[in-house]
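Under my numbering, residues 26 to 543 are what the sequence shown spells out, in order.
The set of hints was computed from the structure by calculation and includes no laboratory data. Just so you know, even glycine gets a beta-carbon here, dropped at the ideal spot from N, CA and C. One thing to keep in mind: the hints can contain errors.
Claimed, not checked - Simulated restraints, written as ranges between beta carbons of each label pair:
1. Ile436 / Asn516: 21 to 31 Å
2. Ile361 / Thr388: 19 to 29 Å
3. Ile361 / Asn466: 33 to 43 Å
4. Ile54 / Gly183: 41 to 51 Å
5. Asn484 / Thr519: 20 to 30 Å
6. Gly479 / Asp393: 12 to 22 Å
7. Ile443 / Asp372: 16 to 26 Å
8. Asp390 / Asn518: 34 to 44 Å
9. Thr388 / Asn408: 14 to 24 Å
10. Thr370 / Tyr514: 19 to 29 Å
11. Thr30 / Ile147: 24 to 34 Å
12. Thr519 / Glu373: 16 to 26 Å
13. Ile54 / Thr519: 43 to 53 Å
14. Thr392 / Thr30: 43 to 53 Å
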Amino acid sequence: MKNKTYYLITGIYIILIIGIYYSSLQWLIFHDWTREDYSYGVLIPFFILYLIWEKRQALSGQLSVPSMTGLFLLIISILLFWIGELGGEFFTVYFSLWAVVFSLSLLHMGWKKLKTIIFPLILSLGMFPLPEFIHGRLTLNLKLLSSQFGVFLMQLMGMTAYRSGNIIDLDFTKLQVVDACSGLRFFIPLVIMGILIAYFFHKIWWKRIVLVLSTIPIAVLINGLRIFSVGFLYQFWGKAAAEGFFHDFSGWVILTVSLAFLYLESFILKRLCGKETERQSSADDNKTVQGAGFNIQGEKAGSRLFSVNFILSVLLLGVTLAASQGIEFREKTPSIKNLSDFPVTIDEWEGTARPLDQKYINTLDFTDYVMMNYLNQKKQLVNFYVAYYESQQKGEAIHSPDTCLPSEGFIFKESGLIELPASMKNGSPVKVKRALMQKGNIKRLAYYWFPMRGRILTNAYQIKFYTFWDAVTRQRTDGALVRLITPIYKNENTNDADTRLKKIAEKIIPALNQFLPE
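Work out the full structure: start from the sequences and follow the hints.
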């Protein structure tokens, strides 16, 4: 009878959770898991189910001691749901889903029993894609590290090879290390495999840590070898070495070789500091609870169907489900002028419109944009770019220059905040992000900021928080990215470039205030 109660409780929770997270689960399954970077995610639920099934006897043999801490964590988890839902960030919603499951488990099982399955619960976080700004930064860093190692190997073999960011110049051609070669597509699965190997075959904590951390250099080195092989074979096979079958096949090869390195490392670690007892089977693990079966005596009141814990948690989830389906938070977006009408002439500056390629328009997914090259009387260039989003929903948010500018090969030499000699409509000062970038002998200075409903923001965390806050209080999530870039010419210094950007910004911001809503 008690088992039927558990199944009924679990079924009610599953229905409520699916109802709350239905749209996000759809996106996870039919969008995120279909992307090559995260296609491994579909396998992780099966690992989790197996790991929990393996602990079934240990779970049935322990007394549940419900914890009210779970109810407190459930409230925080629901708050995270609204932050992610209204802030336009899928990862926050995904983490909220995980936190809800964790909270309910703690609420009904208690910490002592929950520890039995804590490993699969933590591992389940691996099925969710990383936030876009972390994904972009990690992809960029992996590309650059792998490119450096690949070029080093080419030069070691006597090849003429130079690297500029993620572009490799082979004298006879240029290769671009794109996202497909970033290593991210097998880096996270490799980390997960490292965690599983450490869990199943090692008991000593430092060996587990070493094994998992070693996945980072293994991923970089093996991917560097892949880039080297492409560069080396390109001189014989041409584009066939970088595309099609060879490119896809080499991806599987590096994953296989990486796993072989992990198993070899695990083999060596098992023989360090004496032999290590292998992880016991589930039957051996559960000897202490044999005979307990599923008929647990003494279960506390929190596990009953009409317990206070269950009623309060169902009430919280039910209200959240009703609010998510019945209340329309978005979207009261003010009308704006088309950015295509932005002035071509601003004071002494004459502009020329520069349309973006359609592939970038599709990727960035903005509502409206303008990109202009302005020249002053000295023929000095300032590139001006604005991307406007009338709604920053989940999966449709502003892309920060922090990740896209370094991908062109530029290194941030300086980065900080400065105040411009201009103001918003409401008179507030304009503080923006300043970045000095260098690629070889080429230097550029960039100013960029994010006008968000009367505020000037400068980082992704501010954007997410205020997007959530304004969605709740103002039913708005619109916003924009504004960017100014100028080269630093040979006959001038950084101060000269700063003066040039400040002068044009002083003229552009008042004009821009007429196009972007407060």
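Verification of the supplied hints:
{"no.": "1", "hint": "Ile436 / Asn516: 21 to 31 Å", "result": "23 Å, holds"}
{"no.": "2", "hint": "Ile361 / Thr388: 19 to 29 Å", "result": "23 Å, holds"}
{"no.": "3", "hint": "Ile361 / Asn466: 33 to 43 Å", "result": "41 Å, holds"}
{"no.": "4", "hint": "Ile54 / Gly183: 41 to 51 Å", "result": "49 Å, holds"}
{"no.": "5", "hint": "Asn484 / Thr519: 20 to 30 Å", "result": "23 Å, holds"}
{"no.": "6", "hint": "Gly479 / Asp393: 12 to 22 Å", "result": "19 Å, holds"}
{"no.": "7", "hint": "Ile443 / Asp372: 16 to 26 Å", "result": "21 Å, holds"}
{"no.": "8", "hint": "Asp390 / Asn518: 34 to 44 Å", "result": "38 Å, holds"}
{"no.": "9", "hint": "Thr388 / Asn408: 14 to 24 Å", "result": "19 Å, holds"}
{"no.": "10", "hint": "Thr370 / Tyr514: 19 to 29 Å", "result": "23 Å, holds"}
{"no.": "11", "hint": "Thr30 / Ile147: 24 to 34 Å", "result": "28 Å, holds"}
{"no.": "12", "hint": "Thr519 / Glu373: 16 to 26 Å", "result": "22 Å, holds"}
{"no.": "13", "hint": "Ile54 / Thr519: 43 to 53 Å", "result": "49 Å, holds"}
{"no.": "14", "hint": "Thr392 / Thr30: 43 to 53 Å", "result": "51 Å, holds"}
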